[in-house]
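Student: Read off the chains here:
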Amino acid sequence: MTMNNQGRPTSPESVVMSSIETVSGSRGLLQHEGLLFEIGTPDTTGVDLPAPKGTKIRLGGAVRKVPTGLPGLSEPQAVRHYMRLSQKNYAIDLGLFPLGSCTMKHNPRLNEKMARLAGFGDIHPLQPQATVQGALELIDELATWLKVLTNMPAVAMSPKAGAHGEFCGMMAIRQALIARGEGETRKRVLVPASAHGTNPATAVQCGFIVDEIKANKRGRVDMDDLKSKLEKTDDIAGIMLTNPNTCGLFETDIREIAELIHAAGGYFYCDGANFNAIVGRVRPGDLGIDAMHINLHKTFSTPHGGGGPGSGPTVLSEALAPYAPVPFVVKDEDGVFRLVEDIDGEASESFGRMVAFHGQMGMFVRALTYILSHGADGLKQASEDAVLNANYIQARLKKTMSPAFDGYCMHEALFSDAFTAEGIETIDIAKALIDEGYHPMTMYFPLVVHGAMLIEPTESESKAELDRFCDSLESIARRAAQGDETLKGAPYLAPMRRLDETRAARRPVLKWEPPAPETIAAE
Amino acid sequence: MTRYTQPTTFFTKDHEWVTVHNDLATVGITHYAENALGDIVFVELPDVGKEFAPGDDMAVVESVKAASDVYAPISGKVVEVNKTLTDKPETVNESPTEKGWFCVLEIKDGGEIAGLMDEAAYKAYCETL
Amino acid sequence: MRYLPLTADDRAEMLKTIGAKSVDDFYADVPEAVRLHGKIHGLPDHQGELAVERHLSKLAAKNRAASSGPFFVGAGAYKHHVPASVDMIIQRSEFLTTYTPYQPEIAQGTLQTLFEFQTQVAALTAMDVANASMYDGSTACAEAAVMAARATRRKKVILSGGLHPHYAAATKMMCEAQGLEVVQLPTAVDGELDLASAVDDATACVIGQSPNIFGTVTDLSPVAEAAHGKGALLVSVFTEAVSLGLVTPPGEMGADIAVGEGQSIGNGLNFGGPYVGLFACREKLVRQMPGRLCGETVDADGKRGFVLTLSTREQHIRRDKATSNICTNSGLCALAFTAHMTLLGGKGLEQLAVLNHEAACDLADALAAVPGVEILTPRFFNEFAFRTPMSAEAVLAMLDEAGIVGGVRASRLFPGDHLGDVILCAATECTTAEDIAAYAAALKEII
Chain A
3 MTMNNQGRPT SPESVVMSSI ETVSGSRGLL QHEGLLFEIG TPDTTGVDLP APKGTKIRLG
63 GAVRKVPTGL PGLSEPQAVR HYMRLSQKNY AIDLGLFPLG SCTMKHNPRL NEKMARLAGF
123 GDIHPLQPQA TVQGALELID ELATWLKVLT NMPAVAMSPK AGAHGEFCGM MAIRQALIAR
183 GEGETRKRVL VPASAHGTNP ATAVQCGFIV DEIKANKRGR VDMDDLKSKL EKTDDIAGIM
243 LTNPNTCGLF ETDIREIAEL IHAAGGYFYC DGANFNAIVG RVRPGDLGID AMHINLHKTF
303 STPHGGGGPG SGPTVLSEAL APYAPVPFVV KDEDGVFRLV EDIDGEASES FGRMVAFHGQ
363 MGMFVRALTY ILSHGADGLK QASEDAVLNA NYIQARLKKT MSPAFDGYCM HEALFSDAFT
423 AEGIETIDIA KALIDEGYHP MTMYFPLVVH GAMLIEPTES ESKAELDRFC DSLESIARRA
483 AQGDETLKGA PYLAPMRRLD ETRAARRPVL KWEPPAPETI AAE
Chain B
132 MTRYTQPTTF FTKDHEWVTV HNDLATVGIT HYAENALGDI VFVELPDVGK EFAPGDDMAV
192 VESVKAASDV YAPISGKVVE VNKTLTDKPE TVNESPTEKG WFCVLEIKDG GEIAGLMDEA
252 AYKAYCETL
Chain C
13 MRYLPLTADD RAEMLKTIGA KSVDDFYADV PEAVRLHGKI HGLPDHQGEL AVERHLSKLA
73 AKNRAASSGP FFVGAGAYKH HVPASVDMII QRSEFLTTYT PYQPEIAQGT LQTLFEFQTQ
133 VAALTAMDVA NASMYDGSTA CAEAAVMAAR ATRRKKVILS GGLHPHYAAA TKMMCEAQGL
193 EVVQLPTAVD GELDLASAVD DATACVIGQS PNIFGTVTDL SPVAEAAHGK GALLVSVFTE
253 AVSLGLVTPP GEMGADIAVG EGQSIGNGLN FGGPYVGLFA CREKLVRQMP GRLCGETVDA
313 DGKRGFVLTL STREQHIRRD KATSNICTNS GLCALAFTAH MTLLGGKGLE QLAVLNHEAA
373 CDLADALAAV PGVEILTPRF FNEFAFRTPM SAEAVLAMLD EAGIVGGVRA SRLFPGDHLG
433 DVILCAATEC TTAEDIAAYA AALKEII
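Those protein sequence lines, which keep their order, are chains A, B and C. Taking our numbering, the leading residue of the first sequence gets 3, the next gets one more, and so forth. Taking our numbering, the leading residue of the second sequence gets 132, the next gets one more, and so forth. Taking our numbering, the leading residue of the third sequence gets 13, the next gets one more, and so forth.
Check each hint, because a few of them may be wrong.
Each pair of labels, with its calculated beta carbon distance range [unchecked claim]:
#, chain 1, residue 1, chain 2, residue 2, range
1, B, K254, A, T24, 25 to 35 Å
2, B, K144, A, S26, 54 to 64 Å
3, B, D249, A, P517, 49 to 59 Å
4, C, S403, A, E351, 23 to 33 Å
5, B, G180, A, S26, 55 to 65 Å
6, B, D200, C, E44, 18 to 28 Å
So, partial list: chain B residues that the calculated Cβ filter (under 10 Å) puts toward chain C [said to hold, decoys possible]:
#, residue
7, D187
8, V191
9, K196
10, V212
These aren't lab readings, by the way, just hints derived from the structure by calculation. It should be emphasised that the depicted structure is a prediction, and the values quoted were computed from it without experimental measurement. Note that the Cβ used here is the ideal one computed from N, Cα and C, for glycine as well.
With the rest of the complex left out, here is chain A (with noise of 0.2 Å):
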């Protein structure tokens, strides 16, 4: 018989190492990657680009003085620098991001592919109108979904994410009112203590004051105090309220809500965060609103990229569509798309211009396609599927912690930290999800339930995936419950432990900055 001596072992030998040191800083896969600063050089460049033919400068002296001293970097270098930085970021495309309120669903990848068409990706938002017909159309068709979806006569697409959506929405209010002649006098627009933070921000940014109403126990609007509040009259504005509500609950009450503020000479804002519970549904022209913003990225599946781009179409009332932004796209009888853009002729009722151009066409690439491919069908079934998802990781979780309200709720579970035990909070919970392969909830909002924690999983998830997410955290809850003081240092799993935010706030840090020179020691 032949012998191979060089034969290298085939089963693995039980060593037990308690605690690994790399040299390199990496942890096998999971790479360690310092700031592009550290890494390159001025002289290093990943793009090849033709010599300059030497002409003179025109710029009558506008001259750059100093030089960015940026680095760069080949592309090699480039690509490996930012894949490694991705290996430390979760995603939707690992797992589930039960982020209540906020959340994303699945990004299908048609999207991407029909956003990168060069006849929309490669357009110029100036180029004369009879090159971009398509492109009006697109924004047109995608207007249309819109209306029908909430009943509403009007969108403005122009905004550019959900707040300011927001802001669309109230400066239309601030323009009715203006148009009645009571712009002055009319101020007060009243908030519901469990409302976005960027609610009162927008309200505040519009020249509005904010009048907070309460919420009642079963985390509705409070009609007592809703009804005290409107006691007086001639100073209303209107309302900004969340329909689904950020407790995961549909306001019950909407309706005589809405009479009652439009009784009062106000107008309703609805903040559409959570049309994605009712799409199909219901219509949220049907309860008696005058303009909601739509997050595209929540309802229709627009990436979110880590923080943007978002896109906020704003449905608007008859009462308000006189007095929609500029620029909008209309539909002439011989079937040509035309964009409006001037403040004149048909716009002249309008609050004017929100930003450059016509919106994040991008996004709307993509919300046309996840559109087109649920169909009306799909889309009601993708509401019904996201709060039957809600509710059974409610119903699993609700013995092992506090559900925040009694019955059913929508698209998302709220708990309170009613069920840990002293010394634990809901930031350790979260953090420990994390070390269990999760993104952590929305943590502490909305503000009117202690140690707030929403969970809202999409209709994106399977049964399967529920029931992993479930368990693991039954047994953090139990933890919790128990009073287990491990809770407090996780996550350990994670690439980073948790980060000192006193620190960086107290002594901000926004740069890099190059290290010192080193005093050359005397001899």
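Starting from the known structure of chain A, arrange chains B and C on it as the hints suggest.
Tutor: Same frame as chain A, now just chains B and C:
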């Protein structure tokens, strides 16, 4: 109206303390407030020379997760501010009632002091919270 | 339905666990009168990838892509080449499909790139600090005006006559909502320095642009000096980020706040959005800044890491006292900017800027040689305005027939200003000698 020739400290329901001494009043926030805010990361002080009425927003104190306004407990004109807090906001946590003072006011209406709580009353008030 | 994992059996089993009869139970709080039964009338049902792709492709085919022929449109958005690796990087799932980095332990990828972005933007603008991006240049400009008013506790904002009119409109709208007075100087090709004489003791800020909407580059230092003399701030605007490689940046002119559009670096035209607003300022103003900021810190083991910081300025904490209502910014576009900038490096950007400038010089020479054409912009980077002996709209339409997208008519941006015979055009590194020759030849034919 009492004139305080010895430094005497009073408190507000919003957890500011005021030490009155002759015509001047030194203002800061209490241990209770500092503790509730957590690690203080930033203090915005009023401009010297600025005048306030009781209840006016006078300063801002921030932790990582909260920002609170500090109200003027009595009316007066700012004659001095504690510049240490700009660079070392943590002084408010470390020594809220001594090194962590915010500013000194020139008292405008000594009668307003009667509306403030003394230490015993403030202690009792905190226990109700 | 391909995006919905639940099966009919799953749904039945889950309802059983919950103890509900059907999903209708969950919608019981919806008033009976407004519940929808069945599908919304008049809308099509779901479709497969192929059908959707066909529909969208048909719409896309009706548009003329910038790269399909000679293309000279600028005025706030620019046709530049984006390296293939930039698009690959922003399509990484870990960047594309993640949320705002609220949980820094599992978001260091996003946070470190934002920190790099902030450092790059601060260096490019020659300012002390930059934020993690705004929606776009126009909203950044509006926010800068409001921030200046907050910082100076004054109420008057003065806009130059060369500020991009969309930026001016967005700024006016936002300022007026907050009770600020906006003074707009008359439209002028070369009038940025007029800001110096307009500033007074009540002025919060003056807003000037270089290169401006007509392409004119101006050293705004005299404006900064005049503004500071009156206790006002200078907000310096740019719409073409590539210019920062060659033209005097805001920081070198004494600007207090620098804002601009970052689309040119790393981001496609996308018919106007999404883009990425750049926002930088002096250190002492940092707490008045809108938007997210990323800062350096350490974790429990002492390892360097990054977090969102100074968030007490923001809406989720300050609520009605926030510096702005901005929440989402333009994270992925900022990543594209950073990745492209990293590939370029400072020297690469400088070279790119020179190439842009040379292309524009060649274009200006070629057009100026056409009888009847008058170049209006005295000093420019990569775009300029010219006057034609006939209506700009007619000229552009005829150019279009020749397959050339010749620029923007000034009357589209300044409808009331009698600029019907003025065209704004731009050239970039994408513009070839053949493109320029074709443009000049066609223009000669037309006029």
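Student: If a hint holds in the structure, say so; if it does not, say that too.
Tutor: To see whether the hints hold, each was checked on the structure:
Judged by the Cβ atoms, the range 25 to 35 Å given for B/K254 and A/T24 is violated: they are separated by roughly 55 Å. Distance hint check: the CB atoms of B/K144 and A/S26 are about 58 Å apart, consistent with the given range 54 to 64 Å. Checked against the hint of 49 to 59 Å, the C-beta distance between B/D249 and A/P517 comes to roughly 54 Å, which is consistent with it. The supplied range of 23 to 33 Å is met by C/S403 and A/E351, whose beta-carbon atoms lie about 30 Å from each other.
The hinted range of 55 to 65 Å is satisfied by B/G180 and A/S26, whose Cβ atoms lie roughly 58 Å apart. At roughly 46 Å, the beta-carbon separation of B/D200 and C/E44 lies outside the given 18 to 28 Å, and the hint is violated. Taking 10 Å as the C-beta cut-off, the interface hint given for B/D187 is violated, the closest approach to chain C being about 15 Å. With 10 Å as the threshold, the beta carbon of B/V191 comes within range of chain C, its nearest partner Cβ sitting at about 9 Å, so the hint holds.
Proximity of B/K196 to chain C holds as hinted, the smallest CB-CB distance being about 7 Å (cut-off 10 Å). Interface restraint check for B/V212: the shortest CB-CB distance to chain C comes to about 16 Å, outside 10 Å, so the restraint is violated.
Violation of the numbered hints given earlier is confined to hints 1, 6, 7, 10; the remaining hints are satisfied by the structure.
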